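Novice: Chains as they are written, first to last, in this note's numbering: chain P, 1 to 329; chain X, 330 to 650.
Please keep in mind that the hints were generated in silico from the structure rather than gathered at the bench. Be a bit skeptical, because a hint or two may be false.
Said to hold, decoys possible - Each computed SDA-like pair below joins lysine to any residue, with the alpha-carbon atoms no more than 25 Å apart:
#	chain 1	residue 1	chain 2	residue 2
1	P	K156	X	A603
2	X	K598	P	M210
3	X	K598	X	P613
4	X	K598	P	C44
5	X	K600	P	Q104
6	X	K598	P	Q166
7	X	K600	P	D105
8	X	K598	P	S149
9	P	K247	P	I205
10	X	K598	P	Q104
11	X	K600	P	L162
12	X	K598	P	L246
13	X	K600	P	H220
14	P	K131	P	E144
15	P	K280	X	L500
16	X	K413	X	F428
17	X	K600	P	A251
18	X	K423	X	D362
19	X	K533	P	D269
20	P	K280	X	Q429
21	X	K598	X	A587
22	X	K598	P	R206
23	X	K643	X	P613
24	X	K600	P	A223
25	P	K157	X	I350
26	X	K643	P	K157
27	P	K280	X	D526
28	X	K343	X	P393
29	P	K280	X	L432
30	P	K280	X	F428
31	X	K598	P	E263
32	P	K280	X	D510
33	X	K533	P	T275
34	X	K343	X	D608
35	X	K423	X	G463
36	P	K280	X	E477
37	X	K598	P	I205
38	X	K343	X	D407
In this text the structure is predicted, and so the values were computed from the model without any measurement.
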Amino acid sequence: MTEELIRVENLTMHFPLQKGLLANLFTKGKRFVRAVDGVSFSLCKGEVLGLVGESGSGKTTTGRMILRLLEPTSGEVFYRGRAVSSYAGRAMDDLREKMQVIFQDPYASLSPRMTVGDAISHPLLIHGLAKGSGARDRTLAMMEAVGLSPAEFLYKKYPHQLSGGQRQRVVIARALVTEPDFVVADEPIAMADVSVRAMILELMIRCREMFDLTYLFITHDLATCKYICDRIAIMYLGKIVEIGPLKEVFANPVHPYTATLLEAIPVPDPRYRRTHPMPKGEIPSPINPPPGCAFHPRCPLAEPSCRLNEQHLVDLGSGHKAACSLKTL
Amino acid sequence: MDTGSPMLSLEDLKVEFPISIGTVTAVNGVSLDLFQGEVMGLVGESGCGKSTLGLSIPRLLRPPGRIASGRILYRGRDIVRMGKRELLSLRGSKIAMIFQDPLTSLNPLYSIGHHFVETVRAHDGRVSRREALGRAASVLESLGIAAERLDEFPHQMSGGMRQRIMIGLALILSPDLLIADEPTTALDVIVEAQFLDLLDVLRKQYNLTIILITHNLGNVAQLADRITVMYGGTIAEVGPAQSIFDRPLHPYTQGLLASIPNIRLDEPKLKTMAGSPPDLVDPPAGCVFHPRCPQVMDTCRQDRPPLFARNGHKAACWLYR
Chain P
1 MTEELIRVEN LTMHFPLQKG LLANLFTKGK RFVRAVDGVS FSLCKGEVLG LVGESGSGKT
61 TTGRMILRLL EPTSGEVFYR GRAVSSYAGR AMDDLREKMQ VIFQDPYASL SPRMTVGDAI
121 SHPLLIHGLA KGSGARDRTL AMMEAVGLSP AEFLYKKYPH QLSGGQRQRV VIARALVTEP
181 DFVVADEPIA MADVSVRAMI LELMIRCREM FDLTYLFITH DLATCKYICD RIAIMYLGKI
241 VEIGPLKEVF ANPVHPYTAT LLEAIPVPDP RYRRTHPMPK GEIPSPINPP PGCAFHPRCP
301 LAEPSCRLNE QHLVDLGSGH KAACSLKTL
Chain X
330 MDTGSPMLSL EDLKVEFPIS IGTVTAVNGV SLDLFQGEVM GLVGESGCGK STLGLSIPRL
390 LRPPGRIASG RILYRGRDIV RMGKRELLSL RGSKIAMIFQ DPLTSLNPLY SIGHHFVETV
450 RAHDGRVSRR EALGRAASVL ESLGIAAERL DEFPHQMSGG MRQRIMIGLA LILSPDLLIA
510 DEPTTALDVI VEAQFLDLLD VLRKQYNLTI ILITHNLGNV AQLADRITVM YGGTIAEVGP
570 AQSIFDRPLH PYTQGLLASI PNIRLDEPKL KTMAGSPPDL VDPPAGCVFH PRCPQVMDTC
630 RQDRPPLFAR NGHKAACWLY R
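Can you make the complete structure from the sequences, with help from the hints?
Specialist: As structure tokens, this is what we get:
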């Protein structure tokens with residue numbers, strides 16, 4: 001786990017705000033949604049990094065920029081040391097083969113008019129990896145590998161004839177059929193039922209071992225990270241506020257936001273009811289983020305200095321970093 | 330908690346949806362008592378009938394859904410056989426309901442204040458607009474929302490605030506039963522926790538009885554006094570919250586509890602349950618869970634189990650005969 005596969009440097013995405021004609025005439029300067037604001041991290045081969053945050057924290061946008069489904073405003077993504085923006089044409093197509101994605105909603109990510117077999121073999125045809133009976137054989141083998149069996153029987157089925165869990169397996173099989181080494185999984189279990197979630201999670205863990213995969217696991221649910229992630233990065237309003245080995249962050253959360261998130265997770269045991277109430281407030285608008293530390297309006301420990309000073313990640317040793325000067329000084 | 334006569338009793342309730350390929354029996358013979366002041370967690374996976382059960386209590390089922398048989402006794406009066414007038418006076422003022430997505434429950438064209446005025450005046454036309462707004466302001470205050478926001482529109486509020494508005498609308502007529510159907514599913518983790526805190530305060534302040542319908546066992550563990558686990562339109566298990574989490578009886582409850590993440594436990598992996606939920610048009614004979622059950626016996630394939638008592642709670646499973 002020492003070879004670096006993906007490195008993200010200062011990745012930033014500012015979406016320009018659409019305004020009406022009058023507003024454009026009478027106000028100066030463009031306004032932006034600061035979806036992602038200077039995010040840096042790296043992923044070693046075989047590692048699973050959990051990217052955790054509430055809606056609007058920029059976690060999905062980060063994932064999309066890594067896959068170059070979105071062009072970043074600034075910053076760079078490196079795949080095996082080479083800048084992704086330097087790839088073009090055929091080389092970019094080859095790179096896409098190696099970097100795949102699993103989305104949240106298996107209903108929306110499968111065409112209702114394509115059979116399971118067509119959907120899974122499609123990437124093989126697009127990338128020219130196999131055709132005819134070769135493509136069919138590889139598809140059937142992948143279907144068996146992800147637990148879509150009997151594969152021959154399911155090959156001709158349409159998405160609406162499958163259960164939710166089976167659909168997500170199709171999406172996973174389709175992502176893995178080109179033999180990628182990096183997969184962005186964007187909330188892969190958020191839509192699934194409780195018992196199906198455990199199944200998908202277990203499948204993802206098994207696939208990681210079978211196919212030697214590296215995952216960026218995007219989720220809002222810290223509790224599931226425990227079962228799949230080696231490290232986690234906590235995002236808040238477009239910035240990483242804490243990153244480190246999963247066990248270390250769970251045991252010693254440094255940033256007050258991480259601590260709040262951990263405390264908010266409802267434990268399925270009445271013995272662990274929260275005894276003191278949650279801090280008030282919700283995630284602010286990324287159009288006008290609060291000055292200084294973006295979390296200060298909700299932070300139970302906030303001091304006047306938090307409004308003034310922007311926070312930067314500080315290394316606390318063994319790869320654990322946090323952006324809170326109150327706790328890291 | 331009053332352990333005298335129940336406030337709400339469901340007796341052998343059966344809800345059906347006739348569709349082209351047959352009849353979906355979404356709720357199949359459910360009997361349940363609810364006592365004043367308690368929070369009942371109604372849990373299960375999609376399609377288990379928990380939302381349908383919730384909707385059928387104030388008779389809000391959309392056609393073709395209908396209550397096929399059974400009784401719903403609210404303080405001794407049978408809601409199933411109630412006339413329209415009586416039903417309308419019950420809904421909102423005695424039994425209130427909130428839903429998963431606050432944005433679709435609020436009208437984008439009307440101010441928050443208008444929603445409150447309309448709700449109050451629908452039940453009592455003699456109340457003036459000004460007085461209704463006054464009441465709304467005091468309810469909002471108890472929810473931590475400034476009265477000035479009554480002039481705002483739903484799109485100007487955050488998700489958590491919209492859900493607090495929904496509960497405000499539900500509470501303004503001082504109901505004694507609140508049915509909350511997945512109230513936090515559309516909310517972020519921290520806001521979800523805030524909302525559960527709020528529900529806990531409100532239940533005491535308004536002396537509410539709450540049915541909390543959710544798939545999230547963590548939320549139920551935070552708030553519920555008792556839990557009902559549903560599977561395939563039937564009750565699998567019912568009992569005090571702590572006892573269900575500590576000693577689940579039904580193999581389905583056991584499987585469900587083992588398959589959810591728990592950050593306080595030190596287990597390295599989740600357990601998975603084989604199979605998928607039953608087809609409710611043609612449910613399996615006997616116990617609906619038997620095709621997935623790891624401890625299935627011959628009886629289970631033939632006879633539907635009644636609720637058997639054990640360890641202070643009840644489970645519909647032949648293992649406890």
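Novice: All hints, please: hold or fail.
Specialist: Against the structure, the hints come out as follows:
no.	hint	verdict
1	K156(P) - A603(X)	holds (23 Å)
2	K598(X) - M210(P)	holds (17 Å)
3	K598(X) - P613(X)	violated (31 Å)
4	K598(X) - C44(P)	holds (23 Å)
5	K600(X) - Q104(P)	holds (22 Å)
6	K598(X) - Q166(P)	holds (21 Å)
7	K600(X) - D105(P)	holds (23 Å)
8	K598(X) - S149(P)	holds (24 Å)
9	K247(P) - I205(P)	holds (18 Å)
10	K598(X) - Q104(P)	holds (22 Å)
11	K600(X) - L162(P)	holds (22 Å)
12	K598(X) - L246(P)	holds (15 Å)
13	K600(X) - H220(P)	holds (21 Å)
14	K131(P) - E144(P)	holds (19 Å)
15	K280(P) - L500(X)	holds (21 Å)
16	K413(X) - F428(X)	holds (23 Å)
17	K600(X) - A251(P)	holds (24 Å)
18	K423(X) - D362(X)	holds (17 Å)
19	K533(X) - D269(P)	holds (22 Å)
20	K280(P) - Q429(X)	holds (21 Å)
21	K598(X) - A587(X)	holds (10 Å)
22	K598(X) - R206(P)	holds (12 Å)
23	K643(X) - P613(X)	holds (22 Å)
24	K600(X) - A223(P)	holds (15 Å)
25	K157(P) - I350(X)	holds (20 Å)
26	K643(X) - K157(P)	violated (41 Å)
27	K280(P) - D526(X)	holds (11 Å)
28	K343(X) - P393(X)	holds (14 Å)
29	K280(P) - L432(X)	holds (21 Å)
30	K280(P) - F428(X)	holds (22 Å)
31	K598(X) - E263(P)	holds (21 Å)
32	K280(P) - D510(X)	holds (23 Å)
33	K533(X) - T275(P)	holds (16 Å)
34	K343(X) - D608(X)	holds (16 Å)
35	K423(X) - G463(X)	holds (21 Å)
36	K280(P) - E477(X)	holds (19 Å)
37	K598(X) - I205(P)	holds (10 Å)
38	K343(X) - D407(X)	holds (14 Å)
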